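Assemble the complex: chain C is given as a structure, and chain L must be docked to it using the hints.
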Amino acid sequence: MNNKSLPPDQLLGRIAKSLKTEIGPAVNAAYPKTQAFLTAVVLEKLAGQLKFEQEHTRIEDRELLILSRDLIKIGEEDLPATLKNAIVQVNDELDIGSVSALIKILYDNKPVLNEKIFDMLLGRIRKFLRSRVDRAMEYSA
Amino acid sequence: MSTDSQDVSKRICSYLSVKLPEARDIRIKNLEKMDVGWSHETFLFDAIFQEAGQQKSIPLCLRRDPGNALLRHFSDLSVQFKVLKCLENTSLQSPKPYWYEEDPSILDSPFLIMEKVPGTCPSPWGSAGQSFYAEAANRGTLPRSFTETLSLLHNLDWKRAGLDFLGVPEDGTHFALREVSKWRELIEVSEQEPDPILIDLIGWLQTNAPPTNRFTLVHGAWRTGNLLINEDKISAVLDWELQVIGDPMYDVAYVLADLNREGSNLLSHLVKKEDFFRDYETATGHSIDEKACGYYQMLYLMRGAAFWMSAAGLYATGQSDDIRLARTAWSVPVVLETAAKALGY
Numbered sequence: 003m004n005n006k007s008l009p010p011d012q013l014l015g016r017i018a019k020s021l022k023t024e025i026g027p028a029v030n031a032a033y034p035k036t037q038a039f040l041t042a043v044v045l046e047k048l049a050g051q052l053k054f055e056q057e058h059t060r061i062e063d064r065e066l067l068i069l070s071r072d073l074i075k076i077g078e079e080d081l082p083a084t085l086k087n088a089i090v091q092v093n094d095e096l097d098i099g100s101v102s103a104l105i106k107i108l109y110d111n112k113p114v115l116n117e118k119i120f121d122m123l124l125g126r127i128r129k130f131l132r133s134r135v136d137r138a139m140e141y142s143a
Numbered sequence: 359m360s361t362d363s364q365d366v367s368k369r370i371c372s373y374l375s376v377k378l379p380e381a382r383d384i385r386i387k388n389l390e391k392m393d394v395g396w397s398h399e400t401f402l403f404d405a406i407f408q409e410a411g412q413q414k415s416i417p418l419c420l421r422r423d424p425g426n427a428l429l430r431h432f433s434d435l436s437v438q439f440k441v442l443k444c445l446e447n448t449s450l451q452s453p454k455p456y457w458y459e460e461d462p463s464i465l466d467s468p469f470l471i472m473e474k475v476p477g478t479c480p481s482p483w484g485s486a487g488q489s490f491y492a493e494a495a496n497r498g499t500l501p502r503s504f505t506e507t508l509s510l511l512h513n514l515d516w517k518r519a520g521l522d523f524l525g526v527p528e529d530g531t532h533f534a535l536r537e538v539s540k541w542r543e544l545i546e547v548s549e550q551e552p553d554p555i556l557i558d559l560i561g562w563l564q565t566n567a568p569p570t571n572r573f574t575l576v577h578g579a580w581r582t583g584n585l586l587i588n589e590d591k592i593s594a595v596l597d598w599e600l601q602v603i604g605d606p607m608y609d610v611a612y613v614l615a616d617l618n619r620e621g622s623n624l625l626s627h628l629v630k631k632e633d634f635f636r637d638y639e640t641a642t643g644h645s646i647d648e649k650a651c652g653y654y655q656m657l658y659l660m661r662g663a664a665f666w667m668s669a670a671g672l673y674a675t676g677q678s679d680d681i682r683l684a685r686t687a688w689s690v691p692v693v694l695e696t697a698a699k700a701l702g703y
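Chains as they are written, first to last, in my numbering: chain C, 3 to 143; chain L, 359 to 703.
The following block holds chain C by itself, in its conformation from the complex (with noise of 0.2 Å):
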C-alpha cells in the first residue's frame, strides 16, 4: 500500500490554511479571533522550519566543520591559552555553543589581542554566523 500521508510541513500547512481562511473568519470575539490568525503564522513558520531542517542541519555541519579547521589554522599564532582553548574546543565539539563561547572569549580578550588577529577570528565566525542567519530567515521572516 503507498503511504499518502502527508508530509509534516505540508501537513501544517495545510491546517495553517484552514485556521487564517476558515476557522478565523467564523470567530467573532476580537481576542480568539486574533489568536486563532496567530496560530495560523505560527504554524506556517513551524511548517517552513521542518521543511528545512534537514537540508539547513546538513549545510550547517559541514560549514562548522571547515569554520573549525579554519580556525585552528588561525590558532596557530600566539593566542592566550583560553582562547585557544576555546578554539579546540570548536573542533571538538563542531556545536554552536561552542562557537558562542568562542566569541564572548575572544572579545574577553581583546585587550591584549593583535587587531589582527581579533579581526581574522572574527571576520572568519562572522562568515559562518551570516551563512546560519541567512538558513534562518528562510522561513522567519
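In case anyone wonders, no lab produced these hints; they're calculated from the structure. All figures in this text were calculated on a predicted structure; none of them were measured in a lab. Each hint should be verified, as a subset may be incorrect.
Per the computed footprint, the stretches of chain C lying under chain L, defined by three or more beta-carbons under 8 Å from a beta-carbon of chain L, are [as the list claims (entries may be wrong)]:
(1) 41-47
(2) 106-117
(3) 136-142
Don't be surprised by glycine CBs; every beta carbon is placed ideally from N, CA and C.
This is chain L only, laid out in the frame that chain C set:
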C-alpha cells in the same frame, strides 16, 4: 458587559468608595479593557458619583499587573506610579496618578489608577495608524509637538522632580554599559539560549560604549504609539516602563531608528529628519551626536532580540498562553539578521 467586566466594575466601585469617602452612589461607566501592548492590563472607565449634592464624573485609567507582563523586571507598577508622581508638577504632559495598590485582595494583583487623558494613540504598525500620522505630518502641528515634547523631557530638571531614585549613572561609559547589563538580565531570565550573533552584538556593545556626562530623564521608547494625541498635539506621554536617568541620545536614537518607521521617509512615521534635528537642537541647545545615536541603535537591536526572547520564553515556559508570544520566537532571527548587517557581516 461580560461577567468578568461586571466583577471588575464592582470591585473598582468598592475600592473607590474607600478612596473617595465623600462620594455617594459610585458607578462605573464605559468600562473598556484595552487590547494593546504586551505588558500591563489597561482598563479605561468613568467613575460617576454624587458629592455634595452634585453629580461628578472622573475619567480614569487602571493598569493592573497580570503577573507575567513583559518587561516587569525593569519597572513594576510601583515604579511607574512614583515616576508619574514626580512628573505631576512638571510641565511634561503626563497622566495625573491617583492611587497605587499592592494588596491582591482588591483586584487580584497590584494596580495603579491614573487620570484618563483625552486623546487617541494610533498604532504606527497598521495602515490606519500610518495614514493618521501621514496626514498629521502634512498639517505639521503634531510633528512639532512630538519634537517639542521630547525636548521638554530632556530639559526637565529631574533632580528637582525627585527622579534620582531611578539611579544616576557615573560619568563615562557607565550608562551605556549599565543598559547592556540590564538587557542581558532579560535574556537570562528568558531561559532561551542566546544566538552567537547576539553574543557578538553584546561584545561589540561592551567594547564600544560611548562616554557621556550629560544626563537627562530618558523615556526609553519614544515613538508614535507611546504618545497620546489630542487636537493634533501630544496630550500625554505614556508607557513609563523603561525610563532611566541617562544619555538623552538614547531617546534620540530611537526616534532616528529605521525600526520605528518601516520604510517611511518620516521619523516615527511623522517627522522629517531635518525638522527634527533643527527643532530638537534649538529647543535643547545641544547638538545631536549621530555617532552616539549609531551606538544606541545597536543597543536597540539587542533590546529587540532580548524583548522577543523574553516574549517567546513566557510562552515556552507556560507562563502565558497568548499565541502572539509564541510567534515572537521567529522575530529573533529577523532582528539578529539586521544586527549582523549593522555589524558588517
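Q. What hint numbers does the structure not satisfy?
A. none
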